[in-house]
Structure formats: structure tokens, C-alpha cells
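Q: Here's the letter readout for the chains.
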Amino acid sequence: MKLLSNGLLLAVLTSGYSYGASAESFLVWKDGKGLAKIEQCRESSQERISLKVSDRAELALSVRESVKIEDKTLVRAIKENPQSTRVQVLGSAQKHMTEGLIATQKLQSLGDYVLEIQDVQTGRKLKGRYLQVVFEDGQYKTISCGTGKSAQRFVVYNVFNAENQQPVGRLGIGENETQFFKSIKIYTSEEADHLLNRQLEEKQLPDSRGSSASTSKPPSVSPPHAISTTAPRGQHLIIKVPLNIKPGAPSEKSTTIDSQTEQNIGAIQTEVPFQVMAAPETAAQVAATGTAIDSVVCLKDGTLSVRDESLQNILFQANKLEVVKIAQGFVAPKDPRYIKVQFSARSADKNTGWVAKEYIQLKSACEMTKPAVQAQRQQANQAAVAVAGAGGALSGDCCNFPLAKRPTTSYKEGMRRFAWRRGANRIHAACDLYGSVGDAVNAVNDGVILRGPYAFYGGVYAVEAVHTGGFVVRYGEVLGKVAAGISSGTKIAKGRAVGFVGQVGGHGKLSPMLHFELYSGKQEGPLTQRGAKGYQRRGDLLNPTDYLSRWEQAKFGASY
Amino acid sequence: MNKQRGLVFIILILAAVALFFASRGKISSAQKTRSAESADAAKSADAESSGQAADSAGAANVGAGASSSGAGSTAGGSPATALELQSLKKMTDILALAIQPNAREADLLKALTDAKQEPSVAADNNPITGEMDIVRTQNPPAGTRYFHAQYFGAEKKEKFAQHLSFEFKPGPEAIKQAIAAVQASLHVGAPEPTRENFYEWKLKDGYCAWVAPLAEKDLKNNPFNAYSPEDKGTIRVAVEICEQED
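Top to bottom, those sequences are chains A and B. Take the first sequence: its letters are residues 1 to 560, numbered as in this note's numbering. Take the second sequence: its letters are residues 1 to 246, numbered as in this note's numbering.
Here chain B stands alone, though its shape is the one from the complex:
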């Protein structure tokens, strides 16, 4: 009996692997890449397959929260390439770095500069409610865009990160991929399945992380970012000071 069970198990595994590689062959690879990293993209399918394997492993860890909420597809968009998934992970790593207990704004700027993202800082200060720095980047990595961070502080005092976010391209697995990246970078489990299309985690030190697809009105009404109708389904990944937990 045990032998039979073992045999069935092996057969199931083989069938799953076969299905996996069969579906991979249909995935389009027609994606432009960042000029600085074009050499990576030109490498063989091995790089893509390792990226996809990591993706499916990550997606499997998402757990009941995301799957029960129907996480996965967003409107439009082609599947993310390995390079874009690497970008996604790079960006969630940067978010994780920025909210470390002793992290400063300068650390974030250094990380962005080292990654060749060309950060810029705009100040929004007043004598009543203090200083706010807005950090943006001009050269986001492939598959991501609109990095936005807000640092608050008083004059001559070290500022703290109140909000950090970026956008990830829409795609059939974009939400799952974003969730997986957050889990890997911030070392968290399944998100709290409290809201439709809004996946959230409570972190240490009063921070929350969340992943959500953006509707047209969210995109249109963003006071900082330009809007295009094609952007519907874009994923936003954010870490910020918690305000309204359920």
C-alpha cells in the first residue's frame, strides 16, 4: 500500500513538472529591457527559467490569504520576465532596508544611487508641521516605476520614513509576484485577507506593508504621477506608518 501511494505521489509530481514546462513554452518573451541590463536579458532561457521557477515557488508560499481572495491576474499586461522579477525583488529589498530601525534617508539615497536609479529629493517644508522630503527616481529598473518616498522630520533632526512605494507592471501573475517579493524581502507570511484586492501585513516599529492593484480612478487622481488609461491594473507596493488597522 505504501509503495502504491509513493508511486502515485511520484506520478503526480512528474505530471506537475510536465505541465509547468509545457505552459512556459507559451509565455511570450518579447519584452524590451533596460539598456544598462540588456546583456542580462540577452542570456539564455536558463535565466528566465530560474526566474520563473523562483516565481512559482514564491507564489506557492502566498498561502490561503491571497488565493482565497482570487489574487493573481490584473487587467492587461504581459507576464513579467526574469529581469522584471529581479527588479521587483530589488525594490522590495530597498523598502525593507529603508524601514530598518537605524536606517536614515541617506541610506535610502545611497541604495538608490548604487542601483543607478538616479534619486532626487524635493523638500516641502513649513514652520508649523516641519519638514517633508519627497524622494523620487529617474531611472527605475525594468518592470517598475514611480518610486516615491516621504520622509518627515523637524529642523536639524533626523527624518524618518513615513511612506515608501513603487509600482509594478500589470500582468497575469503580477499580484502574486508582488506578494511573494514582499514576503521574501520583509520576511513575512501570508497577508491578512481582510479586504478585497488589498493585501496587508503588519510589520515591526509601527509599519505596515501592502500590495494592491490600482483602478483607473486611483491612477487618475494621483497628485504625483502622470496618468495613462493603459496603466489600469498596475500594482502598487507600499510600506508606510500604519494608520487604520481593522
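Okay, chain A solo, but in the shape it has when bound:
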């Protein structure tokens, strides 16, 4: 495909641009033209896109003929059915544009993957860049540009390189583009993170020992010391980048798109010279993420050797203050001085190993992170109090309905309704909004996350938030899967995903649902009250039905 010469294109968006406004330009990729600036763009979003990632699968070309497609092949879904989907293969040089049927269960959401541009001809200016589709609040971000017959829609991607933790820019690519996707490689988020880390190391640390295994026996007498003198590594956080952070703005979500400067646009293309490396993760960053029981590699300097099960071989080096989960097995460790841990931010094939136990501590106990944890907690509490005391009030007009899809059945009747009597001693303290497992649960208003997810009931979890005006919501019966960037103290905007619909008992007879509890905020203390009769809840519990009804009407044009 012949490329038109583009030079350095400027797609400058003026600061102060608001979502939904018109007459803005955006950088896009167009088949036959390459990078282009396009005018009159408005942001929009959609629940589904036709691009999917296929597992290794059989592609049925006809009744008798089929071909194999490799794991992580990009395809476009043409017609979806519950059992099989007609697709067009995009991400394979040999099978590009081949159509056939594939088992629907083999198709995965593009949002879970990162694309690397490999082909020089098609992607000269993008080679070495990584793209991740922007997926926020259960919706894919898109832009609609132009009007009338020239109107076009593009799916928005964040663009990453090895030199920056944050995206360096955004790029729109039409869903119907074909040549662009012909020679790409697809990684899971974890793989891409690991790959970029390695690229960063190779550029920054010429004497790095990398991640190759070496043999080293653990010390047999004194407490194990496994600190090396390798310089600390930066860490890319592709999978942890809040998807609503704009390029160049590592702060809270704003309702405006930051300016895309020449430098940012240039950074999207490969001619930009190597930039300054990202700084290692700080104690403050560690403090602000994860759960209260997260542990860290409690080192002031250096790295910690991570060993295999035999403890004889070093698999890789862990950085100071890396967050870990302690991985317990059902049998005792061979050597009680070692503990098995899992590094959440590393790729799945190399994120688990054994480390010296004395260097793993709760982040609230490690002397390096304890002050930051306390400070972060204090800030979170102040933010919560500030939100609680801010203007605004709970009303029928204040807020959004918490689900992107209308509940599948009425929440005003039967056991789903507020105040339904559950057994002899308990009254239902919520409205149950039926949906599908994995549906995004969205913040009804601006606010701060107070807690969660924490174990709630029957294998599902709950998230608590205080919203502007002071009312409190418990979003109950959500999955344990943590929505991007959500932890205690996170400031949230109306509509942001705070969790995902779960199902009590896993696969049982109770339908998947959001258990929605509402409190006025006029009292303090735990929302569940043991021994209290009736609702067994804090005294400022409210009936959410009318509020939900009005928010439902506003969003869907109908209410049960």
C-alpha cells in the first residue's frame, strides 16, 4: 500500500475542549493516506466494536474446508451468533481478509490486548509504537468526524512507547480499516508491559542482567540476603494506566481533552529521538493503589532475587517497593525463610516466585511505604469528608443510573424490591438491579471510593462510595475484579466504572445483579449492623426506588 507523504501533522486540540463539543480536529489513520488530521470531530462512545481477538481456533471456510488461525489473531466480527460468528481475519499476513465461521467463545474483547505495529510499509511512522483501545465505563471511546456524506467514525486508541509510562498520544482508527491491521502483533496487557520494561532496560541499563535465569544457591546459615546491586528499573503500567488520563496529564480525570502538542504528536511517530526514562514507582504511588492487605518488597535500595520452587535458580529480580500478593499453597514451604509471591503488574509467564520472607511486608508496615500509606489515607479521608460536605444533593435529577443497560426485570417487585421481607428477621435493604455478569457498574455521581471491593456475600463483593452532596452508596454483589484505578480514596466522576455485576453463588440460581443500597450520609459507621432488627443496616438507610426510577427514566426513556 503506497503511503502518501505526511510529514509531521499537527492535530492540535485546544485546551478547554469539552467532551461532546464539535469542530475539533483529531489525528487518525486512514487506509490509503496514513496519518491524517481530520476536522469537526465529536467524541462519542459505543458498547461494542467489531474488532475482536481470537484464541487459537478453526476457521470454517465452508462445510468441508477449514484453516487454523493462531492465538491472538485480530479479526473483525461480521455477524455474531451465540454459537458461531462470521469473521474476517485481519491480523495475519497469510490469511488477511479471509472470511469464515469461528466459535464465538474463542473471541475476546480487544480491550484486553495491546497492538504493536510491525510492518514498515504500512506503519513506518508508527513502528515500535503500541496501541491500546480506550475503553471507559463499559464503552469504547470513538470520535465522529465530519458531517453528512463525509461523516466518519473512528475508534480511539492510546499510543504507548517504551520511554513513557503514560500514553504519548491518541490515535483514531476506523473500524473498517484493513491494511493497517495486516501486520501487527498482539500482546496481552501483561505481556506488553513486560516487553516495554525490557526495552526500557535495554536502552537504559547496558549492563543489566536482564531476566535470564542464573544459578545461585540460597545461603544455608544466616538469614538470606538476596540484594543485588543492579540499578532499579522503571516499570510501565500499561494495565494500570487509568484509561481516562489524557496524554501528558498524569492526574485526575478532567472533562476536557488536553492539548496535543507538536511534541506529543511527534512522539507518536518514530522519528522522535529517545526521551528521558520514566522514574521508578514511588512509595506514594504504591500507597495509593491496591488493597489494604497488599504487601511490598520492603527494600530501601537494590533488588530482590526471585527464585524458582527449588530455590536454587534465580528467575528474575524484583524492584524495591514492588507490590505483591502472597501466594499460599496447601503445603508448607520447603524453607520457612522463603515465601511465594505474585507480582500483579508483571506478565503472567513471569510473575510468580519465591523470595526471602523478611523482605516482604504489608505496605502499611514497611518503613519505606508506611508514611506514604498514612498520608494517602489521610488525604483519602479528607477527600471523602470534602465530598460529603460539598454542594449538591441527592435528587431525582442529580445522578446517573448505575448500569449502562436497563435491568432485565423490574426492581420494584418481589424479592428484588426494597423492603421485601427476607425470612422472619430481615428486610431487604436494597433494590436489586438484574443484569449480566461483567456488566459495568457505574458511579451514580461524582465522589470518592471509601472502600472495596471487599467480601460481601456468597462469593461476591461490595464497593462503598460517598458522593457529592454526602449520600453514600454501597454497590453490592459485584465481582472481585477491580475496576481500573479503583481503590480506597480514588476520586470518581459520575459514570465511571466502580465494579462489575456479579452473581451470588457463582453459577447458581440467583440472577446476576447489582445490589444497590443508598444512605443519606447523616450518620457514620459501618453500613451493616449486626443484630439490628429489620434492615440490619445503619439508621440513615434510604429507599432508593424513586431515585433509581427517575434516573432510569432519564437514561432509557422508560422506567419499570
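Note that these hints are calculated values from the structure, not bench results. Heads up, some of the hints might be wrong.
The list that follows gives simulated cross-link-like pairs (lysine-lysine, DSS-like), each with its CA atoms no further than 30 Å apart [claimed, not checked]:
(1) Lys157/B with Lys522/A
(2) Lys481/A with Lys405/A
(3) Lys68/A with Lys220/B
(4) Lys68/A with Lys217/B
(5) Lys220/B with Lys350/A
(6) Lys533/A with Lys159/B
(7) Lys481/A with Lys217/B
(8) Lys116/B with Lys3/B
(9) Lys159/B with Lys491/A
(10) Lys491/A with Lys202/B
(11) Lys89/B with Lys334/A
(12) Lys202/B with Lys481/A
(13) Lys232/B with Lys350/A
(14) Lys157/B with Lys533/A
(15) Lys159/B with Lys202/B
(16) Lys220/B with Lys334/A
(17) Lys522/A with Lys159/B
(18) Lys116/B with Lys533/A
(19) Lys72/A with Lys185/A
(20) Lys481/A with Lys232/B
(21) Lys217/B with Lys79/A
(22) Lys334/A with Lys157/B
(23) Lys110/B with Lys357/A
(24) Lys491/A with Lys217/B
(25) Lys220/B with Lys185/A
(26) Lys116/B with Lys370/A
Position chain B relative to chain A; hints supplied.
A: Coordinates of chain B only, in the frame set by chain A:
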């Protein structure tokens, strides 16, 4: 006629006993044990046989609920040893202790400390919805792991247990064994056969107990526990404040 019936009955009993001991011989005993309790594990097959006998007696009491739902096997995993079954019972006893009407968080911590499980407490407090303590352990007994308890309370007030759970290793009889342990520790009968692969009991004081095998997605999406694909079929045993009874 009565004599004939008696004779048939005796023959059936003898046949059942013979089958029981025949199958026992095939059970693998290749299990590593906790170093603190390795001496127990090294004892003779008598300890194992008594554990297995208790297991089958307990399993027989499970009743229609579990058996009609096909309770029993979970993916992968070797049969539990006597030591692991003892661990299972220890843990369900701890759950039972923690939800006694006058039990406090300190009582739980003492029980875990006395059992050498090395408990730790992490606080998750805020001025709006109060205090939550998360209790975890670093040295779980053989065959179990990831003890997790959540205590809620307001400042300067005694906290109450909202959720306590642990995981038991997968195995061919793991669900039945877990159900039996819950029944023995909490003095309850057959679970309510209301849901597939989810066995539940209503307890006093607003608590419910449940036993369920964990699917891969349950394990993967747990915000507190590390995940490994080999863990599929792990059993979770929990006691918590009831929320959604049928």
C-alpha cells in the same frame, strides 16, 4: 424369615467394610506436611484410617442435599490426608468460634495465634463508613490456605465479624469433606439444596455458612488472593452475615 433378613443384613455390612478397606489401599499417601506437624504425619496408618473413617461417617451424614446435587469431586487434587482433614476441622471450628454471640476479634486472633497460624491485621478505615479490619494468616494448616476475615465497627466500639472464610484443597471428596466439617463444627444438618455447586446453611444471629468450589474466574478475580491455574476446584468455606436468602 427374620433370621434370613438378619443374615442378609450382616452380609451386606461385611461387604461394605471389605470394599471400604480395599479402596483405601489405592489412595495415595504421597503428601508433604507442615513442618510443625510432620511428626503426626509420620505416624502409622492407624492415624490415616481413623481420619478416613471419620471422613466417610461425616460424608454419610451429608444427606440428600449434597448427594442429589452431585457433591463430591472437584477438578484435580489428591485425596485429603488425615492431617489435612484435621486442619479442615480446625478451621471450621475457628469459624464457629468467631461467630459466637459474645466472641470478639481478639478471641479470633488468640485462637489463630494459639494454633500457630501467625495472624496479621490490616485496617481499612474511613470517617464515613467506619472501620474494617482484615485478618489474614501467614502459616495456614496443611490442606488449607487464605484465611480471610473482615470485622466492621465504629471508632471505639467493639467490632463484629461480617465475613470469615478459608480455602480447602481440591480433591475427589473435597466438597463432601468440607460439608461434613461445617456440619460438625456448626452443628447443622444437610445444606439447603437451592443452588448448583453452592451449599448453604442459615445460622443463628443473622449468619449464613456456605461451601462452594471455585471456578477459574472466581480465583482469578479475587482482589486479595494470588491466582494460579492449578487452583481450579479449590473449595471455599465461609461464614458471613446473610444477605440474599432465597
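Q: State for each hint whether it applies.
A: These are the hints, each one checked on the structure:
no., hint, result
1, Lys157/B with Lys522/A, "19 Å, holds"
2, Lys481/A with Lys405/A, "19 Å, holds"
3, Lys68/A with Lys220/B, "29 Å, holds"
4, Lys68/A with Lys217/B, "27 Å, holds"
5, Lys220/B with Lys350/A, "16 Å, holds"
6, Lys533/A with Lys159/B, "18 Å, holds"
7, Lys481/A with Lys217/B, "9 Å, holds"
8, Lys116/B with Lys3/B, "55 Å, violated"
9, Lys159/B with Lys491/A, "28 Å, holds"
10, Lys491/A with Lys202/B, "38 Å, violated"
11, Lys89/B with Lys334/A, "24 Å, holds"
12, Lys202/B with Lys481/A, "27 Å, holds"
13, Lys232/B with Lys350/A, "20 Å, holds"
14, Lys157/B with Lys533/A, "19 Å, holds"
15, Lys159/B with Lys202/B, "22 Å, holds"
16, Lys220/B with Lys334/A, "26 Å, holds"
17, Lys522/A with Lys159/B, "21 Å, holds"
18, Lys116/B with Lys533/A, "37 Å, violated"
19, Lys72/A with Lys185/A, "8 Å, holds"
20, Lys481/A with Lys232/B, "17 Å, holds"
21, Lys217/B with Lys79/A, "27 Å, holds"
22, Lys334/A with Lys157/B, "42 Å, violated"
23, Lys110/B with Lys357/A, "23 Å, holds"
24, Lys491/A with Lys217/B, "28 Å, holds"
25, Lys220/B with Lys185/A, "25 Å, holds"
26, Lys116/B with Lys370/A, "26 Å, holds"
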